[in-house]
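Here's the letter readout for the chains.
There are 2 protein chains.
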Amino acid sequence: MRYFITGCAGFIGSNLTDKLLKEGHEVIGFDNFSTGLDEFLIDAKKSSQFTLIKDDLLNREAVEKAMQNVDAVFHMAANADVRFGTNHPHKDLEQNTIATFHVLEGMRANGVKRIAFASTGSIYGEAETIPTPEHAPFPVQTSLYGASKLAAEGMIQAYCEGFNFQSYIFRFVSILGERYTHGHVFDFYKQLLQDPNKLMVLGNGKQRKSYLYIQDCLDAILFAMEKAQDKVNIFNLGTDEYCEVNNSIGWICNYLGFNPERSYTGGERGWIGDNPFIFLDTSKIRQLGWKPKLNIQEGVMQTIKYLHENPWVLEKRT
Amino acid sequence: MRYFITGCAGFIGSNLTDKLLKEGHEVIGFDNFSTGLDEFLIDAKKSSQFTLIKDDLLNREAVEKAMQNVDAVFHMAANADVRFGTNHPHKDLEQNTIATFHVLEGMRANGVKRIAFASTGSIYGEAETIPTPEHAPFPVQTSLYGASKLAAEGMIQAYCEGFNFQSYIFRFVSILGERYTHGHVFDFYKQLLQDPNKLMVLGNGKQRKSYLYIQDCLDAILFAMEKAQDKVNIFNLGTDEYCEVNNSIGWICNYLGFNPERSYTGGERGWIGDNPFIFLDTSKIRQLGWKPKLNIQEGVMQTIKYLHENPWVLEKRT
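Line by line, the protein sequences give chains A and B.
So the first sequence is numbered by our numbering: it starts at 1 and just counts up by one.
So the second sequence is numbered by our numbering: it starts at 1 and just counts up by one.
Simulated from the structure, these hints should not be mistaken for lab results.
Predicted model only: the values in this text are computed from it and were never measured.
Where chains are identical, the list cannot tell them apart; a pair therefore holds if satisfied intra-copy or between any two copies.
Below 20 Å or equal to it, Euclidean Cα-Cα: the simulated SDA-like pairs (lysine to any residue) are: (1) K284 to F138; (2) K54 to E39; (3) K91 to L58; (4) K113 to H25; (5) K91 to H102; (6) K293 to L218; (7) K231 to H135; (8) K91 to R60; (9) K305 to Q194; (10) K284 to P137; (11) K113 to H88; (12) K45 to S34; (13) K305 to H182.
Please construct the entire structure, taking both the sequences and the accompanying hints into account.
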């Protein structure tokens, strides 16, 4: 198969690129390298099956041109900066909503009908039903990031109805593992490397979060695309557990052998729009036959191990 | 109060403009006249309290400039062309999603914190729960129009969380009454004037639709803004009944004294994305104390009467 992957130099996109190449597929990777890293594509670039296009999804013509003869699209590119959304509201609109529109129009222009989309559990806002199933009550958005992903989901669904597309929408918890460079675990690790005796925690540390290991996430995506054949296929992806921010701090400190003094900014939210409790009901994809191989603690450990072995990553993300 | 109304020359916007002026308020009206009509503002223009700005919501600077010293915004402008959305997918994105973003940014730049938004029952897609309440299960979008309104709702909600806005989101059924120039009733009336003996109906005529009379709609909006004081206030607006397309045809024919031969294109949908059953649960706003004065049949009659007395409207909408 010939696949088109947006955000191919990003955390999830580059891991997916490597996996699909390894399975013998052809991959057209598209990335503007705003947050993607060349280093994540070192393996991919060794493959004759891989084509890299450095361009921006806001360049609609480039997207259209790059998508020729493609069997399916994995739309992984995003402004994933949830926390600082209010600093630059246009970013979520442009890089998530409008970029997705260009992907859909590129597909339409090239007769591509199948799309997998990296959405987020953030679109449930502060859910009333926890664990939150895909058919939870109509949510109220609490972040520009969630709102822009919701906008993208809605367009994808409308293209399925209007243009006979087939879509796979994956609402992720936070993903971690190899090439993870963004979020709680990364921030804590970085702080501790700078000063092993102090750790500043946003909020009260009791925020309950869910994580999924990157390889489990990719397995779930490919599994669902093989097994589910509705017009619009929506799946929550996560493990069947959650942890407190304090838990992950404990695991990280244990691994590193540090015992820092923790200071808390206080409050049940780390920042405006931070969700104090994210836990998705993943029974829909489990009933299809998938389950994760790693639990949250193992995923966090795998991540710290990766960061430890790849100190260059921290220099790239200052 | 000093209000900013987008789409002030449109069906709902112009009626709202007249109503607020009549109540003694100041109104800054903004319209690009892509579908709005100068004729709808004849009364408004007589008022010294009315300022008209002819510009486009895609012109972000113009929006910002126009919104100075405003107390609240009524965002009524939209591409309301549900049926032909797939002919030009960019229209819904631009005129609904991006336009709403510019309205929100204009508010932020001017310190305006209160917004009422004309959303739509279309965002429930083909709802499983009927009548459909505001907290219905997370819907799947079936039209680009619905998707773009959902995108706008999401952004508005995120601005409430991120920038301390207060919002009133109204999910309308189809609105009709004075200045109605778009939709089933209008199309049927126009066909019958051209040939009283023939009527072509899209679908099987059994599509079940809900309508609300424009003055009831405006009353509900102002009522909710007075009574409800949450950060995000979402209300379905409609009557507590629905009718079949065939019913409204009967009422129209009766009124006109015509007995046309009806031909049906067939199928339970009039067009791709047409929703065969729209019926909203309006108990939330009813519990607040509002109820409509006119039922659906009375609203349809009022509309036909208006169209009959204003033949110029039909010439404008060819």
